[in-house]
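Q: Letter by letter, the chains look like this.
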Amino acid sequence: MSNYSIYIVEYSHVLEYPIGGVLYGAHNEGHLVLPYCYGVLEGEGHLVVVDTGFDSSAYGRVLADTFGVSDWKPPAEVLGRLGFDPDGVDTAIITHNHFDHAGGVDFFPNAHVIMQAREVTHYQWVQGLADRLQWLSTACDPDLMLSLAQRGKDGKLTLVDGDAEILPGVHLTAAFETHTIGSQYVTIDNAHDGRWLMAGDNVYVYENLLGEQADGRFTPVGLAFGSMEKCMLCMDEMYRAVEEVTRIVPFHESRLWDTFPTATFDDGLHAAELSLAPGARSRLPASAKAA
Amino acid sequence: MTTASDDRRTRGPSIGVRGGLSQDGRDADGVTALRSLYMRCKALGLAAGAGLVLGAPDPALARRAEELRVQAARAAAEHGDALRQPLDACERAASALAVLLSDHGSAARLAEARVSQRALRLSVWEVLDCEYRPCGAAPAHAKGGQR
Chain A
1 MSNYSIYIVE YSHVLEYPIG GVLYGAHNEG HLVLPYCYGV LEGEGHLVVV DTGFDSSAYG
61 RVLADTFGVS DWKPPAEVLG RLGFDPDGVD TAIITHNHFD HAGGVDFFPN AHVIMQAREV
121 THYQWVQGLA DRLQWLSTAC DPDLMLSLAQ RGKDGKLTLV DGDAEILPGV HLTAAFETHT
181 IGSQYVTIDN AHDGRWLMAG DNVYVYENLL GEQADGRFTP VGLAFGSMEK CMLCMDEMYR
241 AVEEVTRIVP FHESRLWDTF PTATFDDGLH AAELSLAPGA RSRLPASAKA A
Chain B
1 MTTASDDRRT RGPSIGVRGG LSQDGRDADG VTALRSLYMR CKALGLAAGA GLVLGAPDPA
61 LARRAEELRV QAARAAAEHG DALRQPLDAC ERAASALAVL LSDHGSAARL AEARVSQRAL
121 RLSVWEVLDC EYRPCGAAPA HAKGGQR
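Top to bottom, those sequences are chains A and B.
The numbers in the numbering used here rise by one with no breaks, and the one at position 76 of the first sequence is 76.
The numbers in the numbering used here rise by one with no breaks, and the one at position 30 of the second sequence is 30.
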């Protein structure tokens with residue numbers, strides 16, 4: 001069995017985001033804070049990121065002006081707050097090819113990138129469709145594919161086909177035709193504290209799993225390029241794999257900061273420490289509050 | 001080839017909402033042409049990258065990129081100064097993809113294609129809405145309660 005310390009770092013956020021975007025059908029029900037995060041695993045001789053964020057220089061001003069995306073910080077800064085160096089990241093797992101998850105690969109130049117092959121091949125098919133169907137590629141950035149082409153030439157790209165164990169205790173599970181066609185989620189099985197799941201965008205917030213009225217009935221995410229049925233079944237698969245719902249980690253959930261030991265920084269961004277491997281020291285600043 | 005602006009099915013009763021003159025007076029046909037060219041260029045970029053990742057780009061992609069370059073140049077000539085910049089950016093991005101695909105994805109050509117795609121995006125977003133919506137939500141900022 002293996003052990004990893006697990007962190008979630010926030011690199012940007014939308015301070016006023018419509019709830020209907022994260023909970024299917026919850027129109028005109030107000031707003032929430034939507035954080036943008038990625039995961040960090042440290043252990044077994046590896047430093048891993050789960051997703052990479054986006055590169056603000058590519059579209060930061062437009063996202064800020066149009067959607068209120070604010071306070072973006074690069075990995076050097078958000079990881080640096082925990083004493084990590086992006087150059088030290090050896091593995092980057094991409095849950096899906098949306099700009100806010102996959103658009104920061106270049107920030108991790110030494111990382112071996114791992115994603116589902118289907119998340120790549122799908123866009124060859126989309127390209128051949130009529131103009132009126134091009135919404136299907138709406139949140140996908142050509143820059144990632146072109147970047148991955150170079151990463152592949154450098155021998156730093158693995159496309160997996162379905163489920164795979166990619167590192168000791170780190171397992172990828174295909175979630176095809178859910179939030180995106182080639183999505184995946186990540187399972188970390190720790191010897192010291194059990195199982196954690198990083199959901200990608202198959203769970204945006206805890207209410208997706210707990211029910212909008214806290215009645216235990218799943219409410220799917222507000223955006224699916226696959227089917228809502230498969231989103232629900234994927235959520236159920238994750239739900240059945242853990243004993244506590246907080247072991248499923250959504251990357252757009254601001255309640256992470258109330259649930260786990262968290263540092264809040266001057267720019268309003270956060271970093272949470274979900275799990276500490278045996279013998280590892282906390283990387284949160286001394287001023288971090290306890291959950 | 002039939003474009004969206006030629007297709008009578010796109011001329012529904014609500015077309016006046018988004019059609020006619022755009023908010024800053026640019027011609028609707030030009031904006032429609034730009035939208036179509038941009039989305040095709042983006043899709044070609046995705047497919048070209050995916051093909052290179054998989055080691056076997058579809059040979060037809062280079063031809064499509066060249067066709068797109070020609071159409072973008074034609075649209076730039078037709079729609080005048082107001083849309084010149086994004087249409088020129090589209091022509092350059094399509095050209096970079098055509099060269100990339102004929103060059104089997106060398107590092108230099110990949111870098112050029114990426115730069116041109118970025119420039120296209122930023123230029124197009126001066127005219128069209130940014131499609132990189134957080135979690136798919138529209139840019140609505142009506143006030144409401146906090147969770």
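Incorrect hints may appear among the rest.
[What the hints assert, rightly or not] Here are the computed distance ranges between Cβ atoms for each label pair:
hint: 1; chain 1: A; residue 1: A241; chain 2: B; residue 2: A108; range: 44 to 54 Å
hint: 2; chain 1: B; residue 1: A108; chain 2: A; residue 2: A26; range: 43 to 53 Å
hint: 3; chain 1: A; residue 1: D154; chain 2: B; residue 2: P59; range: 21 to 31 Å
[To be verified] Far from chain A by the CB rule (all over 12 Å, computed), these chain B residues:
hint: 4; residue: T32
hint: 5; residue: L52
hint: 6; residue: G80
hint: 7; residue: A93
It should be emphasised that the hints constitute simulated quantities derived from the structure, not laboratory data.
Yeah, the Cβ is synthetic: ideal placement off N, Cα and C, and Gly gets one too.
Q: Indicate, hint by hint, whether the structure satisfies it.
A: To see whether the hints hold, each was checked on the structure:
no.: 1; hint: A241/A <-> A108/B: 44 to 54 Å; verdict: holds, 46 Å
no.: 2; hint: A108/B <-> A26/A: 43 to 53 Å; verdict: holds, 48 Å
no.: 3; hint: D154/A <-> P59/B: 21 to 31 Å; verdict: holds, 25 Å
no.: 4; hint: T32; verdict: violated, 10 Å
no.: 5; hint: L52; verdict: violated, 4 Å
no.: 6; hint: G80; verdict: holds, 22 Å
no.: 7; hint: A93; verdict: violated, 9 Å
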